[in-house]
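Enquirer: Sequence:
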Amino acid sequence: MPLTTATIVRAQVAVGLDYGIMTMKKGEVALFTLPDDLSVSPNSNPVSEFEVELISWIKVVDVCKDGGIVKKIMEKGTRNELPGDLDEVLVKYRVALVDGTVVTETPEG
Numbered sequence: 806m807p808l809t810t811a812t813i814v815r816a817q818v819a820v821g822l823d824y825g826i827m828t829m830k831k832g833e834v835a836l837f838t839l840p841d842d843l844s845v846s847p848n849s850n851p852v853s854e855f856e857v858e859l860i861s862w863i864k865v866v867d868v869c870k871d872g873g874i875v876k877k878i879m880e881k882g883t884r885n886e887l888p889g890d891l892d893e894v895l896v897k898y899r900v901a902l903v904d905g906t907v908v909t910e911t912p913e914g
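Just add 805 to wherever you are in the sequence shown, counting from 1, and you've got this note's numbering.
Worth double-checking, as some hints may not be accurate.
[Stated by the list, open to error] Within a straight-line C-alpha distance of at most 30 Å, the following computed DSSO-like cross-link-like pairs (lysine-lysine) qualify:
| # | residue 1 | residue 2 |
| --- | --- | --- |
| 1 | 870 | 897 |
| 2 | 897 | 864 |
| 3 | 830 | 870 |
[Said to hold, decoys possible] Okay, the calculated beta carbon distance ranges per label pair:
| # | residue 1 | residue 2 | range |
| --- | --- | --- | --- |
| 4 | 840 | 911 | 24 to 34 Å |
| 5 | 870 | 832 | 26 to 36 Å |
| 6 | 912 | 877 | 46 to 56 Å |
| 7 | 838 | 883 | 38 to 48 Å |
In case anyone wonders, no lab produced these hints; they're calculated from the structure.
From a predicted model like this one, the values you see are computed outputs, not experimental measurements.
We put the beta carbon where it would ideally sit given N, CA and C, even for glycine.
Based on the sequences and whatever the hints tell you, model everything.
Expert: And the structure:
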């Protein structure tokens with residue numbers, strides 16, 4: 806089965822498939838049957854079947870709980886400590902547009 810990635814809330818594969826994927830566990834393989842009107846490319850068949858293996862996912866957190874600031878954990882940290890409100894932090898950053906165009910990043914050196 807070829808690998809692909811999809812954002813669940815955007816239903817990039819098929820409308821309704823996102824609800825099924827959210828019930829899966831890591832490593833699980835499931836067969837979802839969806840009516841044709843929910844498939845990405847409707848055809849003459851009354852249903853479409855999707856075999857899905859849940860490989861992994863990236864945790865997404867709504868920081869302010871209002872949809873404004875969304876954090877994707879790309880690599881888990883190694884410690885349980887968090888910086889406090891008055892702490893100074895040193896960060897490495899890269900800012901890119903959705904199309905991948907890099908706007909700015911941490912200067913080298």
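Enquirer: Now, for every hint given, state plainly whether the structure supports it.
Expert: Here is what the structure says about each hint:
Restraint check for residue 870 and residue 897: satisfied, since their Cα atoms lie roughly 25 Å apart, inside the 30 Å limit. A threshold of 30 Å between alpha carbons decides the hint, and for residue 897 with residue 864 the separation of about 20 Å falls inside it, so the pair holds. Only pairs whose Cα atoms come within 30 Å are accepted, and residue 830 paired with residue 870 is accepted, the gap being roughly 25 Å. Remark: the range hint 24 to 34 Å for residue 840 to residue 911 is contradicted by a beta-carbon distance near 49 Å.
As the Cβ distance of residue 870 to residue 832 is approximately 30 Å, the hint placing it in 26 to 36 Å holds. Evaluation of the 46 to 56 Å hint for residue 912 and residue 877 yields a failure: the beta carbon distance comes to about 24 Å. Taken as a hint, the range 38 to 48 Å holds for the pair residue 838 and residue 883, whose Cβ atoms sit roughly 42 Å apart.
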